[in-house]
Amino acid sequence: MEYVPIVERYCTTDIETETIDDTPDPAKDILKYIGFKTYQGKKIILHHSEHDKIQAMLNHYDYLVGHNLKDYDIPVLERHGYIIPKSTVIIDTYVIAENRMKPMLNIDLGTGDRSLDSLLKRFELPVKKLTFDYSLLK
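Going by my numbering, the letters in the sequence shown line up with residues 1 to 138, in that order.
Simulated from the structure, these hints should not be mistaken for laboratory data.
Check before you lean on any hint, since a few could be wrong.
What the hints assert, rightly or not - Listed next, with one range per pair, are the computed distances between beta-carbon atoms: (1) Val89 / Gly41: 16 to 26 Å; (2) Ile91 / Gln55: 12 to 22 Å; (3) Leu46 / Asp25: 29 to 39 Å; (4) Gly81 / Ile20: 34 to 44 Å; (5) Asp62 / Thr23: 13 to 23 Å; (6) His47 / Glu78: 11 to 21 Å; (7) Ile91 / Lys42: 12 to 22 Å; (8) Ile83 / Ala27: 25 to 35 Å.
Said to hold, decoys possible - Using 20 Å as the maximum straight-line C-alpha spacing, the simulated EDC-like pairs for lysine to aspartate or glutamate come out as follows: (9) Lys53 / Glu78; (10) Lys37 / Asp22; (11) Lys53 / Asp14; (12) Lys86 / Asp62.
All residues carry an ideal CB built from backbone N, CA and C; glycine is no exception.
Kindly produce the complete structure, drawing on both the sequences and the hints.
Spelled out as structure tokens, the structure:
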């Protein structure tokens, strides 16, 4: 078997937003922060005002991994003027979970909260996502 090195072109990403109506809505929510974590564990958190740095990060990575990226994070980012390069491969863990749950367990994830926390709680798995001090968004 040939060894293929993993290059620094993969990262996980997540955004923090301020919701307007107490229900997440990518058409209305206000972007506050975006975080990136490289496959080697380096964490980068940027304020929404750091537009050039955020766009450079989005341009740099060939693969973006995250939960509900396609239906929430990416629409919020695009509405705030960011461009996801067409060549970027999006790996959305919500889509993966939904595609596996329906045929295997007859569970429809499309009914309710799409957060990673909700998915973990549904299967009684520990929630290990870092807590965020939402008072920073005020």
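Original post:
Which of the numbered hints above does this structure break?
Top reply: Failing hints, ascending: 3, 4, 5, 8, 10.
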